[in-house]
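Using the sequences and the hints given, assemble the complete structure.
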Amino acid sequence: MKKKAFVCFCMDVTEAALREAFRQGFREPELMKRFTGAFMGPCQGKTCAANVLQRAAEMAGVDASSLRAPTCRPPLVPVPIGLLAAGADEGSDDAAH
Amino acid sequence: MRTFTKTPLAFTYDGRRVEGQDGDTVGSALHAAGVRIFSRSLQFHRPRGLFCVNGRCVSCAVRIDGHPHMRACTVRLESGMTVESEGGWPSMSFDVWRALDFFHFLFPPGFQYRFFIKPRWMFRIWERMLRQIAAHAAVPSPAEKHSSAPSYLKETADVVVVGGGAAGLAAASAACRQGLRVTLIDDNTDLGGGARRSPEALEDAAHEALALKTLTLHLDTRCFAYYGDGPVSAFRGNTLIEVTAKAVVIATGAYERPMIFGNNDLPGIFLSTGALRLLHRYGVRPGTHAVVAATTDDGIATAAALLDAGVHVEAVVDARMHGGAPSSQRLHERGIRILAGYRIEHARGLGRIRAVTVAPCDGHQTRAVHTLPCDVLVTCGGFQPANELCFQATSQGNFLMEGAGGWKSLAQGERQLAARDGTPLFVAGNAARIGSLAKARLEGRIAGLAAAAEIAGGGAALADELRRERAALAALAEPDRWEGESA
Chain H
1 MKKKAFVCFC MDVTEAALRE AFRQGFREPE LMKRFTGAFM GPCQGKTCAA NVLQRAAEMA
61 GVDASSLRAP TCRPPLVPVP IGLLAAGADE GSDDAAH
Chain R
1001 MRTFTKTPLA FTYDGRRVEG QDGDTVGSAL HAAGVRIFSR SLQFHRPRGL FCVNGRCVSC
1061 AVRIDGHPHM RACTVRLESG MTVESEGGWP SMSFDVWRAL DFFHFLFPPG FQYRFFIKPR
1121 WMFRIWERML RQIAAHAAVP SPAEKHSSAP SYLKETADVV VVGGGAAGLA AASAACRQGL
1181 RVTLIDDNTD LGGGARRSPE ALEDAAHEAL ALKTLTLHLD TRCFAYYGDG PVSAFRGNTL
1241 IEVTAKAVVI ATGAYERPMI FGNNDLPGIF LSTGALRLLH RYGVRPGTHA VVAATTDDGI
1301 ATAAALLDAG VHVEAVVDAR MHGGAPSSQR LHERGIRILA GYRIEHARGL GRIRAVTVAP
1361 CDGHQTRAVH TLPCDVLVTC GGFQPANELC FQATSQGNFL MEGAGGWKSL AQGERQLAAR
1421 DGTPLFVAGN AARIGSLAKA RLEGRIAGLA AAAEIAGGGA ALADELRRER AALAALAEPD
1481 RWEGESA
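Protein sequence lines correspond, in order, to chains H and R.
So in the working numbering, spot 77 of the first sequence is number 77, and the numbers just go up one at a time.
So in the working numbering, spot 265 of the second sequence is number 1265, and the numbers just go up one at a time.
By construction, these hints were calculated from the structure, which means they are not laboratory data.
Heads up, the beta-carbon is just placed ideally off N, CA and C, and yes, glycines get one too.
Among these hints, one or two may not hold up.
Just a sample of chain R residues kept apart from chain H, beta carbon distances all over 10 angstroms, derived [said to hold, decoys possible]:
hint, residue
1, Asp1014
2, Asp1022
3, Gly1088
4, Ser1093
5, Arg1257
6, Arg1281
7, Ala1340
8, Gly1458
Think about it this way: if two alpha-carbon atoms lie no more than 16 angstroms apart in a straight line, the pair counts; the simulated EDC-like pairs of lysine to aspartate or glutamate are [unchecked claim]:
hint, chain 1, residue 1, chain 2, residue 2
9, R, Lys1006, R, Glu1019
10, H, Lys2, R, Asp1297
11, R, Lys1246, R, Asp1229
12, R, Lys1246, R, Asp1158
13, H, Lys3, H, Glu15
14, H, Lys3, R, Asp1101
15, R, Lys1246, R, Asp1421
16, H, Lys2, R, Glu1019
17, H, Lys3, R, Glu1345
Have a look at this one:
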């Protein structure tokens, strides 16, 4: 069996999977993210972002800096969900979000 | 296994009594006790162990006192804790689903969008099955109440600094000295961040910061969001902390990049920062026989640190043709084999690493392929800036890769942005651009001073100091360094 080389450890995305995604036309990092699941695990790209972008750039034959990294949404780290409601009693408008 | 010992603390892991020591995290205690497989990976159920030791990855997720999916390396060990492994069937250590790894060709990338979508009724069955296989943690039932109601802390400050490394400390002390009230947030239990790798450079800054009267320190606190039009949100344990400030300094440092090679997820493979954390903070040797893979001089330093701690270093595999000379010269003198111009081809082992196969980098096919036995592989693959907060706060721009995008102009200019509501936002240190400690310090100081100038206006003296520091930063003239693995 060919040995798997992981780019994204959270979602088990291998280098081969990125190539396959590219082959099928998911060439932008944002599309690659949705197709393979890289960036979407609990680490939110902390482990994989630079490597995915670098691979994507190599495959497309462009400079890595011309690619836009996928949007990074909160929370940045896993947060116990009950905490998010902690400020609700204070009547701050953030709690309503 | 340990380089130093402290008061022992006993806890249970999967029903077995395990002993850790005071100051440990659950992760370091388990590793010291010989546990290598911590969890199973999401799709292929491959074994995973400690990897980043820094709360970034989830390779070490376990169930602690009934709380599912806790990163073992972030939870401080307490006596009497109940730690259980998650996932796998019948158990995490013996997992029948591991077979999925060998039938991976049945699940090509994107399969979840195609298979069994039609007919619709079939999808429901499929979905339930998928969830069962992928769900590693059982959600606690509402009847099991494990924690008390979360508490809430609302604070205001003049400047909030996220990150207590070299840049963050410099920014905080500069702003404090200008008479501002500063809140410093850091996710470690001590100050210093990545600068702890060279402790002598750090002590003064940390002591200096601790002596500052107008500094509020939140250690062991993780900042998880800054939306750019509200407070900076963070949490510590069961407390939500929201800080509203007139200026924000982002000094979150960098994340280490994993190297990519076959079986690069085997337990026993560490990021260099992780291996050093294990060693220096908890006194746990990551293994007995190490191979170090380097692309920069950080790798050489890591190998030296392992050697000093009594780990046998089998070889240093350096992707650079010069093999890290002259800094690797001393390693060579100590009898360490240095393979210059080599890279890791793949790792071998089932359940834990047993050996690595190294091959010459492209263009040197005449040289031999080696297999080196080891029980730990430490990789130094460079860093990526930890700048998600900038992204969130400004909701624009490419802040990850330097170059033609927005980031380069920022890196060369003021390193100042504006959050969505116009709050001045400063980026300093490795979060702005990977560079030296001196660069991080200068940038931090500039961020602190500039924040003061922005908030209080400041006089000619402040403007003067700011000009001096900026000139010093320009004089450093560090080349734009995109730290990438060359393998």
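Status of each hint after checking the structure:
1. For R:Asp1014, the non-interface assignment is confirmed: its Cβ lies about 22 angstroms from the closest Cβ of chain H, beyond the 10 angstroms cut-off.
2. Taking the minimum C-beta to C-beta distance to chain H, about 25 angstroms, the non-interface status of R:Asp1022 holds against the 10 angstroms cut.
3. With a cut of 10 angstroms on Cβ distances, R:Gly1088 stays outside the contact zone with chain H, its closest approach being about 15 angstroms.
4. The beta carbon of R:Ser1093 sits about 19 angstroms from the closest Cβ of chain H, which is more than 10 angstroms, so the claim that it is off the interface holds.
5. Consistency note on R:Arg1257: stated as away from chain H, yet its beta-carbon is not over 10 angstroms from all of that chain's, at 5 angstroms minimum.
6. The claim that R:Arg1281 is not at the interface with chain H holds, since no C-beta of that chain comes within 10 angstroms of its own (minimum 19 angstroms).
7. Taking the minimum C-beta to C-beta distance to chain H, about 23 angstroms, the non-interface status of R:Ala1340 holds against the 10 angstroms cut.
8. Under the 10 angstroms C-beta cut-off, the non-interface status given to R:Gly1458 relative to chain H holds; the minimum distance is some 31 angstroms.
9. For the proposed pair R:Lys1006 and R:Glu1019, the alpha carbon gap of about 11 angstroms is at most 16 angstroms, so the pair holds.
10. Of the supplied pair hints, the one linking H:Lys2 and R:Asp1297 is violated, its CA atoms being roughly 32 angstroms apart against a limit of 16 angstroms.
11. For the hint linking R:Lys1246 to R:Asp1229, the alpha-carbon distance of about 11 angstroms falls within 16 angstroms, and the restraint holds.
12. About 5 angstroms separates the Cα atoms of R:Lys1246 and R:Asp1158, which keeps this hinted pair within 16 angstroms; it holds.
13. Between H:Lys3 and H:Glu15 the alpha-carbon distance is near 11 angstroms, which keeps this suggested pair within the 16 angstroms criterion.
14. Using a Cα cut-off of 16 angstroms, the hinted pair H:Lys3 and R:Asp1101 holds, with the two alpha carbons roughly 10 angstroms apart.
15. For the hint pairing R:Lys1246 with R:Asp1421, the CA-to-CA distance comes to about 11 angstroms; that is within 16 angstroms, so the pair holds.
16. Under the criterion of a C-alpha separation no larger than 16 angstroms, the hint pairing H:Lys2 with R:Glu1019 is inconsistent with the structure, at around 39 angstroms.
17. Pair hint H:Lys3 plus R:Glu1345 holds up; C-alpha atoms about 10 angstroms apart against a cutoff of 16 angstroms.
The structure is inconsistent with the numbered hints 5, 10 and 16, although it conforms to all the rest.
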